[in-house]
Amino acid sequence: MIPFTRTELLVTVIARLLQGCRHVAVGASSPIPATGALLARAQSQDGMRVTVLGSHKQNFFTSGGVELFDLAAQGRIDAFFLGGGQIDGEANINLVGTGSYPQTEVRWPGSFGSAYLYFLVPRVILFREEHTRRVMVPKVDFISAPGSSDASVFRPGGPHALLTSLGLFSFDRAQRRFRLESVHPGHSVEEIRDNTGFAFDCPANVPSTVAPDAATLACVRERVRADVGSTYPQFAARLAAA
Amino acid sequence: MTAAMFCASLDDLVAAIPDGALLAVPKDNSGVAMAATRALVRRGLRNLHLVCVPTGGLQADILIGTGAIAVLETSAVTMGEFGTAPRFTAAIRDGALLMKDATCPAIYAALQASEKGLPFIPLRGIIGTDILRHRTDWKIIDNPFAKDDRIVALPAIRPDVALFHARSADREGNVFIGKEREVMLMAHAAKSTLVTVEEVVEGNLLDDPARGGAVLPAIYVSRIAIAKRGAWPLALGGMYAPDDAAIGRYVSLARTPEGVMQFLAEWDGGAQAAA
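Note that the protein sequences, when read in sequence, are chains D and C.
Under the working numbering, the first residue of the first sequence carries the number 4, and numbering increases by one thereafter.
Under the working numbering, the first residue of the second sequence carries the number 209, and numbering increases by one thereafter.
It should be emphasised that the hints constitute simulated quantities derived from the structure, not laboratory data.
Here a beta-carbon is modelled for each residue, glycine too, at the ideal position from N, C-alpha and C.
Treat the hints loosely; a few may be bogus.
Pairwise CB distance ranges (calculated) [as the list claims (entries may be wrong)]: (1) C:Arg341 with D:Pro188: 53 to 63 Å; (2) D:Pro159 with C:Glu410: 45 to 55 Å; (3) D:Arg176 with C:Asp356: 10 to 20 Å.
My request is simple: use the sequences and hints to build the entire structure.
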């Protein structure tokens, strides 16, 4: 097996989660999701369209920032990425701050488009590298976007997976619970339990996250690195150094 | 009429903004009128209601840090890769301004309502968020055309002033905006629009079929002033990149309100020319 970095593992997992999508959008300041999406595009023989916000080369929008949201509401975006300063066991996300609002103890930038895109994009991948009890909390202090909604709310979209530096979870929308799907090489279920502040479903035997094969690594290190370099040059340089 | 649109100085341009104005500005690197912001701070405006379209950054942080903002309506304030916005964070901690957290498409949609002369506009999503719980000015209504379909209604945002920077204007007052369509939306929605430009060009921009579609017609434009590198230290699409050293300098200085004043003093002292 060819040695690989954690970043290479994460982008490989992301690409797998995006299989079958026609159009994937990636928000600003998200180099790992962008790399995963561009890998998925390369693996799709360019059958997939990828829009990277903040990019000149990978962004086809000509109607300004509103175009992403209009496309999402029409069902023209199949996958998007969201994060959170806090994420809880019902997949609620908090991008605003900790403590009581509005004079929060810690203030993060804000909710951006999450309060909308989480409802409308079918496959939202929650991506947060930091996997600690500080982030994975029992209940978020502020709901920027809820993990689920009742039937009276138009909601074709929602959480599809949660990917961290330790493992990969799926989300059961009916049960409103995460399920641990795989643990990254070098980590354990116990470590994930110790660092997660909420309960989640966990099968008796949790597989190890599938490592990238030689062809995938070659694709990441050559073609995808060049693609992502137009938006994230410093990040692409670090990919090459792997 | 057209000659009167052109202001001799940035101070003249921002003289049109009253205390307490509802001011709309674009997100970082989409045509932020930074040089005019410097003039605005110099004028000592107070009690502004700032609407960031749809997020704020350096400009919002400077306006907060100099005490110009009473109400802040935005989907986020971020310095991007430079981290958190220091004066924004401090103002939230101290309760120094009324924060109206939003989500990006809500700000666009509320401006689109004004663009159409509508009192409100419905928008998907948002139900069940704490954003909506705190935004008592946003309502949930029933879709009048379908059963069991609740949807959020947003009141229109009608800015008193839209302020932005663009590449060029012609002598008729038409402004070339390129791909920065949000400034078009802002100008359509606002009662008045103030623009700074890198240069004034000969001929009528609307006569050029290759560029005419990316022109804000003069009918929407109230006043124009020339500001070379007027978005500095931020980028202007297709013309210049952000000055990362200057933005980094701001973020380290702005840990204190005095640091913001020092940054402005260095700016006046030629930090821009040195870049």
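Now the hints, each set against the structure:
1. The hint said 53 to 63 Å for the Cβ distance between C:Arg341 and D:Pro188, and at roughly 42 Å that hint is violated.
2. Checking the proposed 45 to 55 Å range against D:Pro159 and C:Glu410 shows it holds: the Cβ atoms sit about 51 Å from each other.
3. About 19 Å separates the C-beta atoms of D:Arg176 and C:Asp356, a value consistent with the hinted range of 10 to 20 Å.
The earlier numbered hint that this structure contradicts is number 1, and it is the only one.
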